[in-house]
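Participant: Read off the chains here:
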Amino acid sequence: MTDLGALFLRAMFVENMPLTFFLGLCTFLALSRRVDAALGLGVAMTLVLGLTVPLNRVVYDLLLAPGAWGWAGYPELDLSYLSLLAFIGVIAATVQLLEILLQRFVPTIHAAFGAFLPLLTVQCAILGGSLFMVERRYDLAESAVFGLGSGAGFALAVIMLAAIRGRLAYADLPAGLRGLGAAFLLTGMLSLGFSAFAQMVTS
Amino acid sequence: MARRTLRHIFFTPLIRENPVTLQILGICSALAVTTSLDTALTMSVALTTVLVLSAAIISLIRRHIPVSIRLIVQILIVASLVIVIDQVLQAYFFDISQRLSVFVSLITTNCLVLGRAESFARHNPVLPSVVDAAGNGLGYSLILVVIGTLRELFGKGTLMGVPVLRTVEDGGWFTPLSLMLLAPSAFFLLGLLVWAIRATLSEQAEPLAHTPPDRREAAE
Chain A
1 MTDLGALFLR AMFVENMPLT FFLGLCTFLA LSRRVDAALG LGVAMTLVLG LTVPLNRVVY
61 DLLLAPGAWG WAGYPELDLS YLSLLAFIGV IAATVQLLEI LLQRFVPTIH AAFGAFLPLL
121 TVQCAILGGS LFMVERRYDL AESAVFGLGS GAGFALAVIM LAAIRGRLAY ADLPAGLRGL
181 GAAFLLTGML SLGFSAFAQM VTS
Chain L
1 MARRTLRHIF FTPLIRENPV TLQILGICSA LAVTTSLDTA LTMSVALTTV LVLSAAIISL
61 IRRHIPVSIR LIVQILIVAS LVIVIDQVLQ AYFFDISQRL SVFVSLITTN CLVLGRAESF
121 ARHNPVLPSV VDAAGNGLGY SLILVVIGTL RELFGKGTLM GVPVLRTVED GGWFTPLSLM
181 LLAPSAFFLL GLLVWAIRAT LSEQAEPLAH TPPDRREAAE
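Residue numbers (this note's numbering), protein chains in the order written: chain A, 1 to 203; chain L, 1 to 220.
In case anyone wonders, no lab produced these hints; they're calculated from the structure.
Take these hints with a grain of salt, some might be off.
Computed Cβ-Cβ distance ranges for the label pairs, DEER-style [what the hints assert, rightly or not]:
{"no.": "1", "chain 1": "L", "residue 1": "Asp95", "chain 2": "A", "residue 2": "Gln103", "range": "46 to 54 Å"}
{"no.": "2", "chain 1": "L", "residue 1": "Glu169", "chain 2": "A", "residue 2": "Leu101", "range": "52 to 60 Å"}
{"no.": "3", "chain 1": "A", "residue 1": "Leu101", "chain 2": "L", "residue 2": "Phe11", "range": "45 to 53 Å"}
{"no.": "4", "chain 1": "L", "residue 1": "Phe11", "chain 2": "A", "residue 2": "Trp71", "range": "51 to 59 Å"}
{"no.": "5", "chain 1": "L", "residue 1": "Ala196", "chain 2": "A", "residue 2": "Tyr74", "range": "52 to 60 Å"}
{"no.": "6", "chain 1": "L", "residue 1": "Leu76", "chain 2": "A", "residue 2": "Ala72", "range": "40 to 48 Å"}
{"no.": "7", "chain 1": "A", "residue 1": "Met200", "chain 2": "L", "residue 2": "Pro125", "range": "51 to 59 Å"}
{"no.": "8", "chain 1": "A", "residue 1": "Ile100", "chain 2": "L", "residue 2": "Leu76", "range": "16 to 24 Å"}
{"no.": "9", "chain 1": "L", "residue 1": "Thr175", "chain 2": "A", "residue 2": "Arg136", "range": "31 to 39 Å"}
Footprint (simulated), chain A over chain L, 3 or more residues, beta carbon under 8 Å [stated by the list, open to error]:
{"no.": "10", "stretch": "80-89"}
{"no.": "11", "stretch": "102-114"}
{"no.": "12", "stretch": "188-197"}
Values in this document were obtained by computation on a predicted structure and should not be read as measured data.
Using N, Cα and C, we set each Cβ at its ideal position, and we do this for glycine too.
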């Protein structure tokens, strides 16, 4: 249990997706102008990462891992090079399914952050979560915790950046620095702050 | 005339309409690999290859892709190309492919590749599409190489692993800035680069979100 808790904190703070691995920066910067949009994106990210990482773990173990087809008489078969295609398929299907289900059963939530769901199909952080999961050999429970932690970390970072950018909207910045330039510098400072968490979880 | 427009298609994405600094496309995977110049170069070559090949293929079959499922078709083409590149890197450049970790696979979801496929290759013949892809790939590579050079030079005092500035440990004068090897420096460098480009090309500066009230009018 403590291991899983440590993994969650590590995924959320120490190995924060956008701030230390630069994953998902496109949406991170584009949707951090307003706090409500950032909140919606953060919730959607947490949900999708928490679902797809363990799902992809199951798909990888059952179909793709070296020796997964041993029961069918092909113990030599190693399909792990296909994992990229399989993961994208799983992510696209999950996102689509989630959107349909939310629209049908909880339309209020769908109205609040449904618009961000389609964006997440081709999001580096979502695919990156699944790829890290394979590279670091997490088991099913660890995958779920890792996915949720990474999503929560992304949400925290994007909401913080949106709050700062909201305050800076009235600041008189040099013309060339307005918008994207300032966003990069702010992200750098957030990233510097998050690197202080590096010693928080020792593993 | 045709040659001139091709040249235009090729050169505008290099600096003036650089995909990274103007459109925030493709930075997802760009910054993580810039701690040293050789990984930045490998990543640039891999991305430009995928970009050019996918533009060529998508442009070739552009009349046969149904509009409703075009995104899936494009992603499948890009993902297949990325798998090929990844296998080639693992076969011939194993060290670098280990250091690039998952970032080669993440070219699949690089917004730049899909962005060019969606906005250019889908509507244009093969030659302009390939030229456009090459221009955008080189514009992306330029940013990566600049940041990779700065980070490796000031973080370790080396370039491509060859010592350039002699460090204090070797009896030289240069103290490596270890901040340059950490994540924040990539954000700072890219932010400063964007600032520099937009200060030079002032038409790219973003408009003020709020116009401040005129003080003299308010005083009257």
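Participant: State, for the Cβ atoms of Glu169/L and Leu101/A, whether the hinted interval 52 to 60 Å holds or is violated.
Facilitator: Check passed, 59 Å falls within 52 to 60 Å.
Participant: Is 52 to 60 Å a correct range for the gap between the Cβ atoms of Ala196/L and Tyr74/A?
Facilitator: holds (56 Å)
Participant: That 51 to 59 Å hint for Phe11/L and Trp71/A (C-beta), does it hold up?
Facilitator: 57 Å Cβ-Cβ, so the 51 to 59 Å window holds.
Participant: For the pair Leu76/L and Ala72/A, does the Cβ-Cβ distance stay inside 40 to 48 Å?
Facilitator: Between Leu76/L and Ala72/A, where Cβ atoms are some 25 Å apart, the hint is violated.
Participant: How does the Cβ-Cβ distance of Asp95/L and Gln103/A compare with 46 to 54 Å: does it lie in that range?
Facilitator: Because 48 Å falls inside the window, the suggested range holds.
Participant: For the pair Met200/A and Pro125/L, does the Cβ-Cβ distance stay inside 51 to 59 Å?
Facilitator: holds (55 Å)
Participant: Okay, Leu101/A versus Phe11/L on CB: inside 45 to 53 Å?
Facilitator: holds (48 Å)
Participant: Quick one: see if chain A covers the stretch 80-89 of chain L, three-plus residues with Cβ-Cβ under 8 Å.
Facilitator: holds (count 5)
Participant: Between the stretch 188-197 of chain L and chain A, see if three or more residues pass the 8 Å beta-carbon test, and mark the coverage as holds or violated.
Facilitator: Three-residue rule met by the stretch 188-197 of chain L, so holds; n is 8.
Participant: Could one say that the CB atoms of Ile100/A and Leu76/L fall in the range 16 to 24 Å?
Facilitator: 22 Å Cβ-Cβ, so the 16 to 24 Å window holds.
Participant: Evaluate the given range 31 to 39 Å for the C-beta pair formed by Thr175/L and Arg136/A.
Facilitator: At 34 Å between Cβs, range holds.
Participant: Do three or more residues from the stretch 102-114 of chain L put their C-beta atoms closer than 8 Å to C-beta atoms of chain A?
Facilitator: This one holds; 8 residues, not fewer than the three required, reach chain A with a Cβ under 8 Å.
Checked against the numbered hints above, the structure violates only hint 6.
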